[in-house]
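Going line by line, the protein sequences match chains A and B. The opening position of the first sequence corresponds to residue 6 in the working numbering, with each subsequent residue numbered one higher. The opening position of the second sequence corresponds to residue 742 in the working numbering, with each subsequent residue numbered one higher.
Please keep in mind that the hints were generated in silico from the structure rather than gathered at the bench. Every residue, glycine too, gets a C-beta built ideally from N, C-alpha and C. There's no promise every hint is true.
[Claimed, not checked] Partial selection, computed: residues in chain A whose CB lies under 7 Å from chain B:
(1) 123
(2) 148
(3) 206
[To be verified] Straight-line alpha carbon distances no greater than 25 Å define the calculated DSS-like cross-link-like pairs of lysine-lysine that follow:
(4) 1082(B) - 130(A)
(5) 972(B) - 962(B)
(6) 951(B) - 203(A)
(7) 161(A) - 1082(B)
[Said to hold, decoys possible] Beyond 10 Å from chain A on every Cβ pair, some chain B residues (computed):
(8) 783
(9) 845
(10) 846
(11) 869
(12) 898
(13) 961
(14) 966
(15) 989
(16) 1021
(17) 1128
(18) 1174
(19) 1210
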Amino acid sequence: MLEVKLHDIGEGMTEGEIIHYLVKVGDSVKTDQPLVEVQTDKMVAELTSPCSGVVKKIIIDAGETVRVGTSLIYIEADESIKMEQKTSPEMKQDVKKEAFSPVMLKEKNMALTFNRVLAAPFTRKIARDNNINIEDVPASDPSGRVTEEDVYRFLKGQQPETQKESVVAVQKEAITLETPDEIPFKGIRKKIAEKMTKSLFTIPHVTHFDEVNMTNLFRMREELKASGESVSVSAFLIKALVISLKDFPIFNAELDEDNSRILLKKNYHIGIATNTDSGLIVPVLHDADKKSIKNIHAEVKGLTERAIAGKMQPFEMQNSTFTVSNVGPLGSTGATPIINYPETALIAFHKTKKQPIVNERDEIVIGHIMTLSMAFDHRVADGATAVAFTNRFASLIEHPHKLMMEMI
Amino acid sequence: MVVGEISQQRNLIIIGGGPGGYSAAIRGAQLGLSVTLIEQAEMGGVCLNKGCIPSKIFTHAAAKKADTAHLNELGIEFDDNTFNYRKLLDYKDKAINGLRAGVESLCKNNKIELIRGKATFLGTDKIGVENGHQFDIFKFDQAIIATGSTPILPPTINEKGKRILLSHEIFELEKKPEHLVVLGQDYIALEVASSFAALGAKVSILLEDKSSFAFDESIHKEMLRLFKRSKLNVYKEAQLLSSNETESEISITFKNDKNVEETIQGSHLFIAGLRKPNVDSLGIGRIGLAQTNEGFIHVDAYMRTSIPSIFAIGDVTEGPLLAIKAIKQGKAAVEAIAGHKPEVDITFMPVVAHTIPPAVSVGLTEQNALDFGLKVRVSQYPLGGNGYASITAKKDGFIKVISDPATEIISGIHMMGEGAIEMSGSFVQLLEMAAKEEDVKFPLYAHPGLGEGLLEAVEGLIGQAIHAPPAKKKDLSII
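Isolated chain A, as found in the complex:
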């Protein structure tokens, strides 16, 4: 009999709520068949069956929140792979208590070389023998080197005498070291950190800024509103973006370095960077090129609402080919955004401001100007192409009737 346990779905989760079971006792299941839906702090995920067989018992009721490692279901494997059921002999001490989680021993995990805590092998051993993670021990040496004394001090629950003999002689009495407030660095925050680091360490970013005159678009939106059609600005922006992407497919691409090729994506799945209480989430508007402005408006609204409520399904956050960050409503005039790896580019829309502009008749009038920042992967595309791309985008927004030409 095999136990299906709640495992970490890959975002550093520690617990999950059992939403509902997709199978019942007595059901035959196949390998990889979804068994149960679990809600984490970020999304709803499905756990699948590790083998084919018959569901024998459901241990945890739906609605309960359980910790990672808890057994949820017993499955009796098919005859062909049935084995004698016997709990394996106990291993001594606490080695057996920790749940199985594979570790990667990569040939050259260089991130480890400079992220690994600096500590001599014997110091590491003292930490291990006392069941503490050496990574948690603060170093008294300003260079970050953890010593035996640091470990013993940590064991006794003492804070290190930080920088007592610091090279920089500061007015010691003037400074009181207050214990900082702690925010746990895990879950979605940690996930964001990992993604951003990966992107920035992999992709040579270039950010290109531009201004877009929104005056005509605003006028058109007002007219639509007067006739009872209320559509958000971002729906127009996404539409214009997708049209521009079709003209410049290099920005709807992924660099596949291992195979020395650039994949120009045929789908236009637009990621919408969304600010939620727990952090940045990127729901995906799938096949944006096949949707009308009205549909885009409705779908983006639904996606953002579900993202903010923490009700995303995993597939709703996958496979984006280009990402948009509309920070305009929050303010800002420019940024150097980080690309949503492994995509090629990301565009951020900033606040639209009223500004004096010079019109075709050389008169100074009041215009609505939005700034945008476009980050792109300089391995894949060059600056001139990026400028041509945003020019195309700007011309569609500045002359919104052009959008009609692209209606399907």
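On the provided structure of chain A, position chain B as indicated by the hints.
Frame of chain A, contents of chain B only:
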């Protein structure tokens, strides 16, 4: 023969008697466990019988051969400077047999039960061992899988005749190859190319893209220079397209660094690099043991697999396929079983090639630093400035040190040159001890000696190596 229903009880069963398996067995015995070792071929595994050890006999012979010109300079003259390949093969067999006998007697003295045969899991606590017509069943408390890996052909080659050699075959050749073409740039490929050339074979080497070179870039550069000086034909950024064997030769077609198809002929083609884990006959799929897509076994920090009673170590698990890792993991697995808290961390595992001269990379490379945007101090000290290197006519190569300018902690040491393998012990210790520059500068070094090279490389980080030309001062007059 009827399969017996009676199974015999054992404590710890280790499958595979390679360096990882036998180290685990001996450590297990030292910790008071009763250990059974199952081996289907010869004790010592690929490493002792067909890998590390035979290759080192060849690299050692090659280095000695390369030294004869210098010995002549010293007045040690050879009337008849010939090389007898057959004798080298005999010496290889003798050395391997000696080492294998050593391992066997160590196992015996540690009271390790040795069972010959092929092992297959019948359950999470049961194993069958087949040896000819005999089939025995053992129940175990814990088992360690240490079955290793086997070299495989690259996908571009479907068929393999006797002119294509994989890493376990090259040292079994009966005759010295006339023109050996080497494909690959891992340590085995570099060693084979370097030593067969020194032993008098014509050698061509097809290197891959520079980015997959495991050593610091400085070693890449120096190695290419020395290869070319030794009259090796070096092809950079080659991509193998196909090969064709005939009765008398093998022709190899590849795309060269200018993206043009090129074909060369040789007597043999040596291919290094690709290996697959030896799991096929273990039956681990049946008991649901978690594996990667390539078949390597997932293990945790204590070498446990997804089945709590079964552990795995060495090449059969993920990560670099090296005896260094297998030996460490083998001991760690047994220590975990005995209730200790071992740790395996391969961050500062040395990357080693016994070329002429040998090369070693430990820790951060300059390329890594650049990729991750780290601020580093770099010093490369040429061995030409080292007194002992001059005396012994081993002036090729250098020692390169990389440190963090803010904390002065040393983060990488790379060396190509005589003594690099032995010196790598100090490099690894310095990195593991989180040494700072002063920790290298304070101690005293034998004079004259190659160790002074390390001292001067570290002194060079702030432009204070004694036996090196002064660093060029930046000309400020232009401002």
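Hints not upheld, ascending by number:
18
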